[in-house]
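Peer 1: Single-letter residue listing:
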Amino acid sequence: MGVNNTSEIPADFPGKVIPGGNGANILVTSLDDIINWGRANSLWSLYFGTSCCAIEMMQTGAARHDYSRFGFEVARPSPRQADLIIIAGTIVNKMAPVLRRLYDQMAEPKYVIAMGACAISGGPFYYNSYSVVKGADHVIPVDVYVPGCPPRPEALLEGMLMLQAKIKTESMNNKVFPIDGFDEGL
Amino acid sequence: MTNEALQNLISSWIPDPIAIGLEFTEEKSQFLNITVQPEQLHQLMTQLKNNPDTKFDYLFCLSGVDWGKELGVVYHLESTTHRHQLVVKVKTEDRENPTFDTVCTIWRTAEFHEREVFDFFGIQFTNHPNLKRLFLTEEWDGFPLRKDYVDEINMIIK
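Protein sequence lines correspond, in order, to chains D and P. First residue of the first sequence? That's 1 in this note's numbering, and the numbers climb one at a time after it. First residue of the second sequence? That's 1 in this note's numbering, and the numbers climb one at a time after it.
Next up, chain P with everything else stripped away, as it sits in the complex (with noise of 0.2 Å):
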């Protein structure tokens, strides 16, 4: 399916999709991005999956992003009988506390990645079954990949 499909069909299945904040682009991507707000991202996710004309049973990447203002996380779905790809991204500007539901109850092999996430952007993962520190030590202070992470013993700012 082309990228214009997919946008129309997503949008049909959506009543107002301005109104919730579903937003397409494919500027600088090879991919058609949809940014969609973290309430409907599991619902959306779980049609995207299951819905027979787009069938994206594959979850390839998972990556989570500081935008300096907005904590976020980005996801790229393949399907691999109809072989087109869409991206989903999902932002918050909450940096106390950012939550997301978690997509591995859609595809599993979203709880490691989600663990990387949680590990180096302190992003919760609602119903994850095991969100702890996945490369850092458990006593690990703050989160490295944040673009306000300070470290004044390891890092040297140039």
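Isolated chain D, as found in the complex (with noise of 0.2 Å):
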């Protein structure tokens, strides 16, 4: 036990930290790409569990998978804390006008990931179902599809790590709004 007080350098940090010596040291990079870095290291996900890929959406949370590992640190029971909303669940048409008033109250920017053949296509209720929405990204802009009934813990995962090399290429200077234009089917 014991404090580590050598410093040491992130080997994903986007960009070059030279020694300026005196304690002081210089970092060399882009903006976009330590924001994106912060970003995507730090992806608060909303409480949103509507069926039985809820139980393995909290699996991934817990100690075993423990998805804090990759900066997942938290979920958040507010949309206003939340960065991230995984939909681990079937959508019904009640439901879907309460997911789209969460996903509208989360603060920009925000990312949404589809985990389970309901909240990708409405899974097992495509047919003969009066109730279910065929698809969560009827309701909002999904980034990222995890197949599966219910995906296993290292799906999900999976899908988290390719939301963050999403991110990771985002720039400032063109930014995409999802949403934008969603409604209009464009």
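A hint or two may mislead.
Every beta carbon over 10 Å from chain P, so not counted as near; a handful from chain D, in silico [said to hold, decoys possible]:
#1 C52
#2 D66
#3 E73
#4 S78
#5 E158
#6 L186
Pairs of lysine-lysine, DSSO-like flavour, derived with a Cα cap of 27 Å [stated by the list, open to error]:
#7 P:K69 x P:K89
#8 D:K94 x D:K134
#9 P:K147 x P:K69
#10 D:K94 x P:K132
#11 P:K132 x P:K89
#12 P:K158 x D:K134
#13 P:K132 x P:K69
#14 P:K28 x P:K89
#15 P:K91 x P:K132
#16 P:K147 x P:K132
#17 D:K94 x P:K147
#18 P:K91 x P:K49
#19 D:K94 x P:K158
#20 P:K69 x P:K91
#21 D:K134 x P:K147
Keep in mind the hints are simulated off the structure, nothing from the lab. Note that CB positions come from ideal geometry on N, CA and C, so glycine has one too.
Dock chain one against chain two, each of which comes alone in its own frame, and use the hints as you go.
Peer 2: Rendered as structure tokens:
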């Protein structure tokens, strides 16, 4: 035990650190890179589990798989404090306006993962169901689709890492808001 | 009480069970199944609850069923003192205006269950205190769990 005082540069740090002497260093990087690096490694997700996928999502957050290792540090019960919504479960017609409202209440930048068959396409409820929305992307724009019924925690983690990779390609010069034109079907 | 003893006891309450359409069966079921005519339902249920030998004081399941031709309700009963169970079925071929007597005066829990059955199957329960939509919206048209329900917007038929 003990505090490690030797400064180490994270392996994935986007840029160069030049030792400046006297304990001060010089960072050489671009704003895009450093902001995306920060965003991608601090994605707080909203509690949104509507059916059995939520159990698997909890398992992904629990000790064995522990998504906070990748910066998905905590889940937030308020959309105002969340960057990410993992749609873990079936969306029914009655739930759709609620999901849309939660999404609209989240602050930019915001991301969406559709977890499991129901959130992707309605899953087993695709046929002969009067109540199930055939895919959450009818309601809000989705960034990453994680297939499975339910997906294993490894699959969800893979989807989350893919979202991080996607965030790292963003640029401040041409910002994209997924909701723009979404309702018009663009 | 065993299923056989239950059947004998219940038959003995009614002078001519076949004439009023009372049927017993244990086929494909762990329970004794009784099919009863809608007119006899309330009286039989009251007797099942109040008779000290049967004393079915617990309605543990109430479900609506669409058999294609008939609409009906299935009641699963249990006695917490005797620990025996029984299934009562009631059917009607009237799909326009299916009506049964409520059992929520016998088992209070049926109040919500019957609202659910009304919501999804459109079965009316006479003397129910508050029969209105439970899960669906008030303006919903039709009864979605009926076999002949059509919804061209939301349903993809396979």
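Peer 1: Are the hints correct? Go through all of them and say.
Peer 2: Verification of the supplied hints:
Taking the minimum C-beta to C-beta distance to chain P, about 20 Å, the non-interface status of C52 (chain D) holds against the 10 Å cut. Under the 10 Å C-beta cut-off, the non-interface status given to D66 (chain D) relative to chain P holds; the minimum distance is some 38 Å. Non-interface status of E73 (chain D) relative to chain P is upheld: no Cβ of that chain comes within 10 Å, the nearest being about 37 Å off. Annotated as non-interface, S78 (chain D) keeps its C-beta farther than 10 Å from every C-beta of chain P; the closest such distance is 27 Å.
Residue placement check: E158 (chain D) keeps its beta carbon more than 10 Å from all beta carbons of chain P (closest about 30 Å). The non-interface label for L186 (chain D) is consistent with chain P: the shortest C-beta to C-beta separation is roughly 23 Å, beyond 10 Å. A distance of roughly 15 Å separates the Cα atoms of K69 (chain P) and K89 (chain P); the hinted pair therefore holds under the 27 Å criterion. For the proposed pair K94 (chain D) and K134 (chain D), the alpha carbon gap of about 13 Å is at most 27 Å, so the pair holds.
Pair hint K147 (chain P) plus K69 (chain P) holds up; C-alpha atoms about 9 Å apart against a cutoff of 27 Å. Among the hinted pairs, K94 (chain D) with K132 (chain P) is consistent with the structure: their alpha-carbon atoms are about 18 Å apart, no more than 27 Å. Distance hint between K132 (chain P) and K89 (chain P) is fulfilled; the C-alpha atoms sit about 23 Å from each other, no more than 27 Å. Distance check on the hinted pair: K158 (chain P) and K134 (chain D) sit about 14 Å apart at the alpha-carbon level, within 27 Å; holds.
About 25 Å separates the Cα atoms of K132 (chain P) and K69 (chain P), which keeps this hinted pair within 27 Å; it holds. Under the criterion of a C-alpha separation no larger than 27 Å, the hint pairing K28 (chain P) with K89 (chain P) is consistent with the structure, at around 15 Å. Annotation: proposed proximity of K91 (chain P) to K132 (chain P) holds, straight-line Cα distance about 21 Å (limit 27 Å). Simply put, K147 (chain P) and K132 (chain P) have alpha-carbon atoms about 21 Å apart, close enough for the 27 Å limit, and the pair holds.
Taking the CA atoms of K94 (chain D) and K147 (chain P), the gap is about 22 Å. The hint holds against a cut of 27 Å. Proximity of K91 (chain P) to K49 (chain P) is assessed by CA-CA distance (about 21 Å); at most 27 Å being required, the pair is judged to hold. A hinted pair counts as satisfied when its Cα atoms are at most 27 Å apart, and K94 (chain D) with K158 (chain P) qualifies at roughly 23 Å. About 10 Å separates the Cα atoms of K69 (chain P) and K91 (chain P), which keeps this hinted pair within 27 Å; it holds.
A hinted pair counts as satisfied when its Cα atoms are at most 27 Å apart, and K134 (chain D) with K147 (chain P) qualifies at roughly 21 Å.
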